[in-house]
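Here the protein sequences line up with chains R and S, keeping their order. In this text, residue positions in the first sequence follow my numbering: the first is -19, and each later residue adds one. In this text, residue positions in the second sequence follow my numbering: the first is 37, and each later residue adds one.
Please keep in mind that the hints were generated in silico from the structure rather than gathered at the bench. Built from N, CA and C at the ideal position, the CB exists for glycine as well.
Straight-line Cα separation of at most 30 Å, DSS-like style, residue types lysine-lysine; simulated pairs:
(1) R:169 <-> R:293
(2) S:207 <-> R:286
(3) S:204 <-> R:188
Only some residues are given here: those of chain S computed to face chain R with a beta carbon under 10 Å:
(4) 52
(5) 53
(6) 61
(7) 89
(8) 155
(9) 171
(10) 177
(11) 184
(12) 188
(13) 189
(14) 201
Listing some non-contacts, in silico: residues in chain R with all C-beta distances to chain S over 12 Å:
(15) 76
(16) 161
(17) 265
(18) 346
(19) 391
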Amino acid sequence: MINKEKIFENVKLKISISNFDEEENIEMKKNNKNIFKIATVACCLLILTTGITFAKDIEKIIKYYFGDERITKAAEQGYVEDVNMNMINTDTTLSKDETEIVVENINVSGKIDEFLMDDINLSTNFSFIFDEKIKEYFDLNNLQRIYFTDLIILDEENRIVATSCLKPDFEEKCIEYNLNYEFEKLSSKMPILNTSVISIDKDNNLVKCNINCNSSNEFFENSKELTYIFTKIRLEKYEEYTGQDINNGEYLKCDKVNLIGDWKLNVKVPEKMYNREKSEYIVVGDVHPDIKVSYVRCSESGFKFKAWLLNYKQPDLINRPLQKEYMRIEELVNKGEMTWEEGNKLISEFYNKEENKIAEKEWQRENEAITRDYMNFDENEERSIDKITHITDSNGNKYKTESSSIACVDIEQNLYEFTADFDLTKYNATDKLIVTLIYYGEPVNIELERIK
Amino acid sequence: MKSKIEKYKNNQKLDLEKIIDEYSGYVYSIIKNMTNEYLSNEDVEEIISDTFFILWKNTEKLDDDRILSSYIAGITKNLVKEKSRVIKINYDISEYENIIQDNEKVDMICEQREKINILEKTVKHLKDDDISIFNLYYYSSMKISEISKALNISDFNVKMRLHRIRKKIKKEFSKGGYSDDK
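Only chain R is shown next, with the shape it has when bound in the complex (with noise of 0.2 Å):
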């Protein structure tokens, strides 16, 4: 029979997901396996009338999907390379951690479905099948997170282009394929790595997973012919929290296994991605003098802004009010002078409190180099672009930072850096544009032209 409460639970969760989606309006993938079906209804649909081009299209919505709009986008502009690639099979041995089972003889095959590879990023869409005695030790339906821990990818004149090996891998692929780096000069230079898991298809225990490396500090080389080279993967299901501190962090319980292999999958790159053209755009005008941009550039797929901050202070987080009032919380838990409960409540009335509140803006006034998250506003509040750090272009369109950073340069001389990817490319960004960083609470516009 049905269960009333049940079915109430669900329609309530629909109903907020809904209301949550129109609120932050979340842009539908192509790529999800539902998808798929809506699709194949479509494509069975309209096949009779428009024939096998409009298949073909749906195909390719679905087909080209990196894990980022921005450069699912320029592959849909067709800035994509299709590989073809026959299935490499590796046989691996499986490693349990916690339970320390090891398996012998787990057969996983893989090939690069396709990629792309501009100034800012270089995409790469895989397909792992695994054996099926890996349902003994793993859920693939539960996959959460996938991991390449000893990731190498070299190109035609075997230069570093990027890496997920901390320093004992880096050193065993150095001295293995003859590579002249040191790891502490190339870390800060490498890009930095994403891996996501794209689909599960677990009748056919078929994985597609994506890794995106982004650009850090410099940009990708014209290289034409691209390595990848690794002998671990790690499969990852996140169980349950923990528990969770003030500060964002969750603890979780976490089953996963490591495959130990030997997979090394070489591809062409086209000319159309070598032989790119590069856009640059420069300062017209005048900046804030504590602010100093050092370069800002477009690729098909990202847009890449930083600037040295001449003037940055600390946050003191000694000082932050709200910190100030955990902190003493905490120290009473501690000491068994009240629970966590109680503490909760004196949290909370004292950030009702008017005045905190204040206290607390002002703190993040003066503490916060560069806003660039919604995070500090009130739920109540308005919460406007314009409030944080944005780009807007000729046509008075705006954009915000899609992921961002300050990093110390030298501790020394006080310099920091702030390096911005923002939510456009080539193929939206305007020959002029207005770069908007909210600093210490106001905002300072820089005017940006492109080089011809």
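Following the hints, position chain S against chain R.
Below, chain S alone, put in the same frame as chain R:
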């Protein structure tokens, strides 16, 4: 099952709890009669939940003078038809043709439902407390201060967790979610 819509409306809002309490059995029997029990319990539950969700989404389009059961039967019929395309079952709607009146106004919000189903899988991975906060904020439209009072935690904590939930959903969704085989 002859009650008019107006009976279930309060300040232009549908009293969903009451509707689900009174009409879940009705939807269940429609599905079972139409499909000769070919559907799994999971599929039946999904159709029932979607029926009420679609009804809620169409609140403004519902005519207060009409009988609620005619809308519900119409939506259920469409959802069973939709399901039959995917899992190829035969269904029989002859018994309900007389009950279902003109349901053209009702939007089945197919694409949106698809998207919500994907997001739902991510949300269900959250821990129960976070789902409660998410529902209190987005379903019950409670303010941060009301939620913190209800759950006896700080405003800051609620704000942080809501921020984290939003971030997590968007992040997971942008990655394409997980497998969703059924």
